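Peer 1: Just so you know, the sequences run in chain order V and H. Numbering of the first sequence is given in our numbering, commencing with residue 1 and proceeding in unit increments. Numbering of the second sequence is given in our numbering, commencing with residue 935 and proceeding in unit increments.
None of these hints come from the bench; they were simulated from the model. Here the structure is a predicted model, which means the values were calculated and not measured. It is possible that part of the hints are untrue.
Using 30 Å as the maximum straight-line C-alpha spacing, the simulated DSS-like pairs for lysine-lysine come out as follows [said to hold, decoys possible]: (1) 39(V) / 1051(H); (2) 982(H) / 431(V); (3) 850(V) / 907(V); (4) 72(V) / 1088(H); (5) 431(V) / 991(H); (6) 850(V) / 256(V); (7) 256(V) / 221(V); (8) 39(V) / 1088(H); (9) 108(V) / 1114(H); (10) 1038(H) / 39(V); (11) 1088(H) / 431(V); (12) 218(V) / 238(V).
Stretches of chain H that chain V covers, calculated by requiring three or more beta carbons in the stretch to come under 8 Å of a beta carbon on chain V [to be verified]: (13) 995 to 1007; (14) 1010 to 1021.
For every residue, glycine included, the Cβ atom is placed at its ideal position computed from N, Cα and C.
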Amino acid sequence: MSTHTYKKFENAESGELPDRMTIYQDCMSEFNESPINSKRCRLLISRLLRLLAQGETFPESEATALFFSISKLFQHQNDSLRQAVYLAIKELSGISQDVLMATSSIMKDIQNGSELVKPNAIRSLTAVLDESTAFSAERLLKSALVSRHPSISSAALCTSYNLLPIAEVTVKRFANETQEAVVDLKSFPHKNLVGEYYPNSTFITQYHALGLLYQLKKNDKMALLKMVRQFSNNNTLKNQLAKIELVKLVNELINKDSQLFVDFQSLLMEWLSNKHESVQLETAKLITNFATHNSRLISSELFASAVTTLQSLLTVPRVSAKFAALRILNRISMISPEKIVVCNPELESLINDPNRNISTYAITTLLKTGTAKNITSLISTITKFIHDVSDDFKIIIIDAVRTLSLNFPNEWKTILNFLIDVLKNGEGGFKFKNNIVEALIDMVTFVPQAKEMALENLCDFIEDCEFNEILARILHLLGKEGPSTSNPSLYVRHIYNRVVLENAIIRSAAVVSLSKFALTKNDPSLSDSIISLLRRIANDKDDEVRDRATIALKFIESAKKDTSSEAQTLLQSNYSFDFNALESKLNTYISSNTDSFKTPFDVTSIRKLTEGDIKALDLKRKQDKFTKGEFETSVESTPGMIDDNLISKRADSSFAGPSAHDHQQDLLATKYAEDLMSIEQIKEFGPLVNSSQIVALTESEAEFVVRGVKHLFANNVVFQFNITNTLTDTALDNVTVTCTPEVEPSELEELFTIPIDRLLPSAEAACYVAFKKTEDMVMESFLTNLMFTTKEVNPETNEPFEGDEGFQDEYDIDSIFLNAGDYIKSSFVGDFTKAFDELPNEEVAVYNIKENISLQELVDRLVVNTSCLPLENTQYAPSDSNSHTVKLFGQSASKGTKIALIVKLIKTSKGIAIKAQGRAEDATLCADLVNGLM
Amino acid sequence: MSSLSLYSVQAVLILDNKGDRIHAKYYQSPHVAEDARKGLMQNVKRQKEFEKRLFQKTHKQDSEIMVFEDRLVFYREYLDVTLCLIGSMDENEIVLQQAFTAFKDSLDLILNSGIDKRNIQEHYDMVLLAIDETVDNGIILETDPATIASRVTKPPTNEPQMSLDLDKGLLGAWGFAKSKLQERLQQGM
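Throw the hints in and build the complete structure from the sequences for me.
Peer 2: In structure tokens, the structure reads:
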């Protein structure tokens, strides 16, 4: 080594680290020296590890050389150096070769080393052993596991745990010792203390032992139950982490078999008042989680005590406990806000908590508990402090208020005043203002009462708004909504002001907006003024503005001549396309271009959505967002870092509300429809009128999983059966579904069946059955049967064996019903009561449901059966009351006639009584729907 | 991964006052096949970007705990360093808090003159040992700071000269033995 590098490295006592090569050379020379200088070696190892922690890495050859030099240091008996050596071995074993060579030195230490280094030695085994050598550590690990010394025992347990994936057979032999380690309270020996600290036994060995024991027995339900029984009594577990592990074990058990819950109820009650906050918390988490899926099994007292426990955690000084309790409350608030209203005083006091994360959670939770009664006071509480908090916090609050406005349209005045106040007086960036404007746009769209006031205030706002994007959006909104208001000329003035004062982007947006006022019905005189305004604008210095003005003038002219002309629809469009479908169609059009775009793009096959449809979809999506609890992920995460962890969390997110998967189903339905239209025979039926929700026709665990979708055409019906073959060794040939009408004679005439030629193991395919129907609504149910020929599959080729004739077989699946709901699309209306009263035909029906289901389950079923949109936040049945009223709105898929339903549910000991009152433009539809509700 | 898994800690970080790492360790369950190892940022570039983003959220925000990119983060900002511990969203917050406190307090114990960047860099070997005694491959190993500190050795002093100078006679040998014994006893206390 040159003196130069040596110097450099001495200078680097702290702070800057020498470069990788210097460290490498220093290590190589120092470690191979004799006698070993323990102080220098530990210093060098420390530098080496710092380098690795910075993210530097060594090529494999160098790493291997380092690894071997370091293992030479085993000759030196200094414990202090030895600990550093083990650290280095653990870090280097990942990047160097032949790490097994160090095993014998490590094992020698485990047998004869001092108590101080034994745990380090044991834990380093994880890094050096592999599948073929893991068994060699069996005897050593076993004797370490039963050691009286907690650190040694814990080290052995953790190492066994780490080795489990590669040495399950070996580790399984420790089951008895592990079991003993759980109950054994190991404390530190009082003699032989090294150093100046006196270790306290936390009995954490119990936690490690319990974790390992679970892994060993996880497939044996009886053994797990025994574990809970054995370890839950008489304070067997002293360590709180171990206790939490036990709570989690109970959680696992009841999630697999919810019937077990009853047996654990008293235990859980006891745990709720455990002296450890963490145990209380975990138990409360378990109870509230479980309640979302199995609300019937859980007694209301238990749930209430869980909430009380959380409530008391809100007042403890420890930040993490408060935070954790708030997180749970926040999740409850998304599903059953009424249950946590008792916590409101505590939540209110946390709004001003110095910890921003806590105050954020508190306020959003509080807002979700909002009911028609307390909204006003909630809003006034927020108004007090909203101006003092940071931007992203404000955005969270605005989002929460926005949800409130959708759920409590009757409280629009308070909410609107609040929004206007923050819009005008609040300081904030683009994102903040944009959120408020979006909230206002939502109100304009979904809360008709608030429309004019909101629009007027938006007009004021654009007078001094600095953000182009927001301005353009507001101008578009004014153009869309303004003409139908009572005083359209007011908006014209504001819009024209923009043309005079703003830049080209805004001016062109304003032109489009203005042109929409030309056809206003309320105020015919407006038309002439608009034309003269547009004429003036047609001399604008910007091309785009001029073009738009000229086109608008042309349109207005031709629309005035002929009211049914195309120009009319171009000026005031009342439908738009399904954008997902449009996008995918355009993509295929562009990519499959064969005649250099001579064939024009065909838009007729794309679903057109009217204003009402879009609103319905929008509202649904917003309500979904609310229940899905996206708050946590959308607010606090930045995009782009989503990993599988997140996705799995979403998938099994225990707080998904009833309609969480609807949107996904929407997309799926679009896909199915596209598949359908690619089949020649079906294409002849003309445009698809409506597709139903996907209904399961078998248990999801059945051998063949069948799900049905009903597609309606003007004169035809097509049943689509999606069949999944879950068998691993059998292929199905010529799969068909026979549909036999339950009542003869049938009004439907079967046309053809498109079978699946071959369904390979674990594949999914669709079989179609088409019928001819009259133009009227036809409702029928069909007995269905799956018919197929089974053939054994050659596992090598994944094809059936040659010459295998197979067996004819059939499989019963549930009946498929074509009911009134299939003729209905969900639709939105702002003022439900008014819309309901205006509809002419009324029909009433009464049902009595004897099944033991909760109100919520029944509401979910109603929504699916009727395909209507639940309005005014009635899709959530309160869990503390025995009655509920659902308001549903929809329209006929073929004719577009409106239908509204008010369904009253009363739960008694005998079952649930339903009174459905329906009103519709179409009397038959109404009668059919109301009478075919269940 | 089952919620009963002992692998509850995802990472332990020590960042300086610019958000650069002083120490960073991301834990992965050992001996799990490569393709099954999901998520937690295997490449150093992504790790460092994550740390930068994290630092922007933690710097001058004294809230101790937060949810960041679908992970629970516990942190404490000192004069020129920030200590962080990261765990999964489904983990019990108080448990992770305890692990974090153990990590933080054990550093407090072993770094005599307080937690700051220079001290951590100078005693990096001890800091590393303390972390290693707190979390092993993501398993919380110990939550008592004193126990952790008791298992962290100081760097060896220069090689003790054990050879006795017999010229000084028995008295000298007695004196040497006595001083050694006293030293041991003091250490023992």
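Peer 1: Among all the numbered hints in the text so far, which are the ones the structure does not match?
Peer 2: Hints 11, 14 contradicted; others consistent.
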